[in-house]
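With the UniProt record's numbering, the residue at position 425 of the first sequence is 425, and numbering never jumps.
Derived by calculation from the structure, the hints in this document are not laboratory data. Cβ atoms here follow ideal geometry from the backbone N, Cα and C, with glycine treated the same way. Among these hints, one or two may not hold up.
[To be verified] As a list, the in silico BS3-like pairs of lysine-lysine whose alpha-carbon atoms are at most 27 Å apart: (1) Lys164 x Lys47; (2) Lys2 x Lys106; (3) Lys368 x Lys174; (4) Lys627 x Lys532; (5) Lys627 x Lys688; (6) Lys164 x Lys368; (7) Lys174 x Lys205; (8) Lys164 x Lys231; (9) Lys162 x Lys106.
[Stated by the list, open to error] Restraint ranges, calculated between C-beta atoms of paired labels, are given here: (10) Gln773 x Gly607: 47 to 57 Å; (11) Glu411 x Glu770: 51 to 61 Å; (12) Arg593 x Thr734: 27 to 37 Å; (13) Lys106 x Glu411: 25 to 35 Å; (14) Gly571 x Arg233: 33 to 43 Å.
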Amino acid sequence: MKKGDHLFLVDGSGYIFRAYHALPPLTRKSDGLPVGAVSGFCNMLWKLLREARDTSVRDTPTHFAVIFDYSSTTFRKEIYPEYKANRSAPPEDLIPQFGLIRQATKAFNLPCIEKEGYEADDLIATYARMAEAVGAEVTIISSDKDLMQLVTPLVSMYDSMKDKQIGIPEVIEKWGVPPEKMIDLQAMTGDSTDNVPGIPGIGPKTAAQLLEEFGDLDTLLARAGEIKQQKRRENIIQYAEQALISRQLVTLKTDTPIDVGLEDFGLEPQNGPKLVAFLKSMEFNALTRRAAEATGVDASEIEAANLKIEAVAEARGPDLDSAGSDASPEAATASSQMVVSSKPPSSNVSATPADLVKARTDEALSAKIDRSAYTTIRDVASLQIWIDEAMASGIVAFDTETTSADPMQTEIVGLSLATRPGKAAYIPINHKSRDGDLLGGGLLEHQIPEAEVFRLLKPMLEDASVLKIAHAMKYEWLVMHRHGIDLHPVDDTMLISYVLDAGEGHHTMDSLCDRWLGHKPLAYKDLVGSGKSSLTFDKVEIERATEYAAEDADVTLRLWRLLKPRLVADGLSSVYERLERPLIPVLARMEERGISVDRQILSRLSGDLAQSAAAIEDEIYKLAGEKINIGSPKQMGDILFGKMGLPGGSKTKTGQWSTSAQLLEDLAAEGHELPRKVVDWRQLTKLKSTYTDALPGYIHPDTKRVHTSYAMAATSTGRLSSSEPNLQNIPVRTTEGRKIRTAFIAAPGNKLISADYSQIELRVLAHVAEIPQLTQAFADGIDIHAMTASEMFGVPVEGMPSEVRRRAKAINFGIIYGISAFGLANQLSIPREEASQYIRTYFERFPGIKDYMEATKAFARQHGYVETIFGRRAHYPEIRSSNPQLRAFNERAAINAPIQGSAADIIRRAMVRMDAALKDAKLTARMLLQVHDELVFETIEDEVEATLPVIREVMENAAMPAIALSVPLQVDARAAHNWEAAH
DNA sequence: GTCCGACCGTA
DNA sequence: TTACGGTCGGACG
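Can you build the whole structure from these sequences, using the hints too?
What follows is the structure in structure tokens.
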């Protein structure tokens with residue numbers, strides 16, 4: 001090697017862990033072997049080497065090596081036995097990848113370097129200094145701060161994941177000190193992930209400031225007495241020795257004995273067949289193709305390499321010898337080789353996702369939760385230690401404690417973090433004393449100021465390499481967004497559970513904790529009480545709050561470790577990653593925007609309704625002959641069917657007379673006056689109490705808009721639900737009801753756009769059941785209910801009586817709902833035999849429907865769940881019940897779920913894509929509401945015409961490219977000043 | 001104060 | 001005949 005050469009040193013071990021956490025989990029298709037980190041690693045090497053051939057890129061390597069940790073026992077353990085003693089075993093689905101990445105390195109024809117007793121960092125330091133000594137340039141492919149001490153004018157670092165060069169200025173910018181002072185800085189701050197002690201209370205900021213003032217650690221220790229802050233001075237004096245040990249630990253060895261010299265790192269040409277064989281064995285299809293093209297080999301002629309998984313110890317995380325496993329140092333460091341396709345013999349090394357899930361399930365149940373082990377963070381330095389640990393580990397579970405369940409109204413009281421199972425802390429921020437004056441208690445002491453907490457947390461919360469985990473992340477996201485934080489990337493244990501187990505009970509943290517961890521966490525109610533005497537969380541004692549809040553973060557992290565691998569094992573990763581996780585920020589922003597509701601219109605309507613209802617009330621009292629509570633079905637039933645002796649139809653299951661609208665309508669049709677009045681009265685009072693009177697109470701005091709809350713994990717089918725207020729059941733069917741919608745208005749200068757799918761569920765049915773007449777009718781754009789009627793009854797579409805079409809329409813809906821003769825008879829008010837005959841006729845005309853329904857039932861019976869076209873599952877654990885009614889109910893639901901659920905998935909896909917599509921088109925339209933098959937937007941008037949086609953385009957193509965539907969999707973979109981007119 | 005059933009608004 | 005959430009009355013404590 002000589003001056004002008006350029007050596008690339010890849011921190012292979014560092015890369016593995018970072019890639020594992022930062023990249024989406026990926027498994028080999030054929031057998032589920034986890035290969036996410038291998039994939040990231042190969043792509044990175046490919047990119048680095050491709051640029052090496054590209055002469056237009058300046059910084060190209062002439063020499064190249066990939067460096068790995070060898071084992072966990074290094075010379076540092078002799079200096080300080082506790083070094084890295086806090087490391088837990090690596091994730092099980094990472095273990096097989098250690099060996100694979102080494103094989104990948106060899107497949108790329110690159111030197112693969114490791115040395116017993118030394119860490120990769122020491123080898124990198126040694127090689128970097130050697131190359132520098134002969135005047136060559138060095139690029140270290142890593143973002144590890146431990147390597148930053150090596151940076152010089154000739155040595156720089158490159159963060160391949162963020163595509164960021166790290167030179168001297170970047171080090172100074174990030175740490176406040178030049179590279180040569182990094183060792184002293186690390187010696188002072190310590191490193192919680194490696195268990196390097198440092199000096200308590202000294203974080204990077206303080207350390208940089210002290211180094212600025214005193215020059216170096218030795219001088220600082222010598223002149224520590226000059227430090228003004230008492231606590232800091234005491235700590236530095238008391239822990240001086242510890243700082244010196246820490247310095248030894250963090251100082252990289254530049255004289256590591258080496259077996260391979262720089263001259264052997266010269267970049268060799270690719271061995272095309274060898275590389276392609278490896279990539280093929282990993283089933284990295286895109287990269288295989290690229291590699292074959294670039295090296296000029298025919299991939300189809302090359303057989304996939306016959307891979308073996310070597311058990312390899314990695315000092316970075318896997319402390320295999322202390323993990324209590326049977327992986328002895330010998331087994332770990334030598335090459336106890338296992339063929340991938342066979343089960344690993346009596347080993348806890350998980351080769352398949354199922355093994356991993358099994359291991360994690362056992363782990364979750366056996367590990368006990370100890371609330372007394374949690375920490376309360378009351379000062380900036382301690383907080384920084386936790387943040388550093390989160391940054392280093394790349395994973396953190398968190399939970400906010402707030403004053404309200406409504407993220408739009410709430411104040412943050414505190415925040416908890418968990419970095420490892422059992423390791424969690426609570427940061428009290430706004431706890432108040434309970435016995436305050438009338439204004440409420442004052443802020444308690446020893447809490448870090450809110451602004452400071454957010455300032456410190458923000459970089460971590462927004463760091464692309466740190467995964468933030470919460471239970472019900474949308475709430476956290478929204479609270480954080482309102483504090484100016486763009487939380488990402490995220491995982492949500494509630495949504496993971498929902499994807500895995502929709503239909504198997506609720507997905508609250510308490511129920512999951514009980515189910516999976518066999519543990520009952522502290523109940524919120526026990527802290528704050530209930531009812532009138534309940535407190536807001538800011539009045540909870542900090543000690544109690546710590547136990548509760550930290551436990552939530554701890555439990556969230558434990559649940560994540562258990563549930564996340566199940567996504568891979570069950571083949572549900574894409575449902576989670578495409579339909580659930582990306583919807584979190586989309587829905588959060590919709591909730592945050594809210595919609596404008598006109599108070600005056602509602603108030604006027606309320607008055608009108610009150611008047612009309614009062615008039616009807618008087619007439620009802622007259623007809624009934626006494627004053628009763630009309631709103632009481634019990635009292636109304638007694639009057640109608642007891643006192644007045646009308647023919648009562650059915651009784652409810654509690655033995656009361658049924659007074660359903662349907663039944664009263666039937667009585668009215670027979671000429672009875674009172675039932676008609678009751679039906680009218682009910683409609684008016686329903687509109688008044690549920691809508692005109694309740695909605696104004698939801699207008700936000702600051703935004704003056706109404707902010708609903710969408711539940712992402714509430715339904716068994718994949719639909720959303722809306723509450724507080726429910727904006728998915730605003731009246732539309734009756735003239736009176738529709739007036740409510742006129743109160744939903746666009747902001748001044750804006751319009752509302754309503755875009756809804758036409759007959760989406762019937763279209764989905766036509767697709768999944770493959771019904772030629774239906775697909776043809778949708779392709780031709782003809783009236784689907786009329787076509788159905790025509791097929792069934794032999795009546796031509798032209799001049800069809802409306803009653804005939806109405807019946808066909810009811811049957812079509814009935815099919816989607818898992819039709820029964822009883823239900824159809826009820827709906828159409830016809831005898832059950834007649835309904836039965838309709839259904840028989842329908843199935844004769846559309847035999848594919850019958851086949852589809854039978855096949856769906858059989859699938860559900862066999863598997864206990866059904867699937868949408870995108871693979872979302874809905875579970876029906878009671879479908880094999882011996883109770884015929886219960887079983888039949890589950891069968892109908894199972895028939896409905898793939899149809900309703902596929903439609904729900906389609907609109908979810910549209911929503912996930914919508915913001916980017918509008919942005920690309922440079923439009924300002926914003927999504928406000930979702931009503932199952934409808935999206936409501938708000939946009940400035942001038943952009944309406946340009947916006948409509950963009951919305952339609954996204955919605956109509958939402959199934960693509962995952963699914964090419966056999967029917968077109970049709971979207972009707974209109975703009976107006978209010979929702980009624982736009983719909 | 002809390003729970004449940006009846007009823008009814010939406011897709 | 002599918003999927004939801006809100007309001008009310010009434011019974012329970």
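**OP:** If any of the earlier hints don't hold here, list their numbers in rising order.
**Re:** Per hint list: 3, 4, 6, 8, 13, 14 violated.
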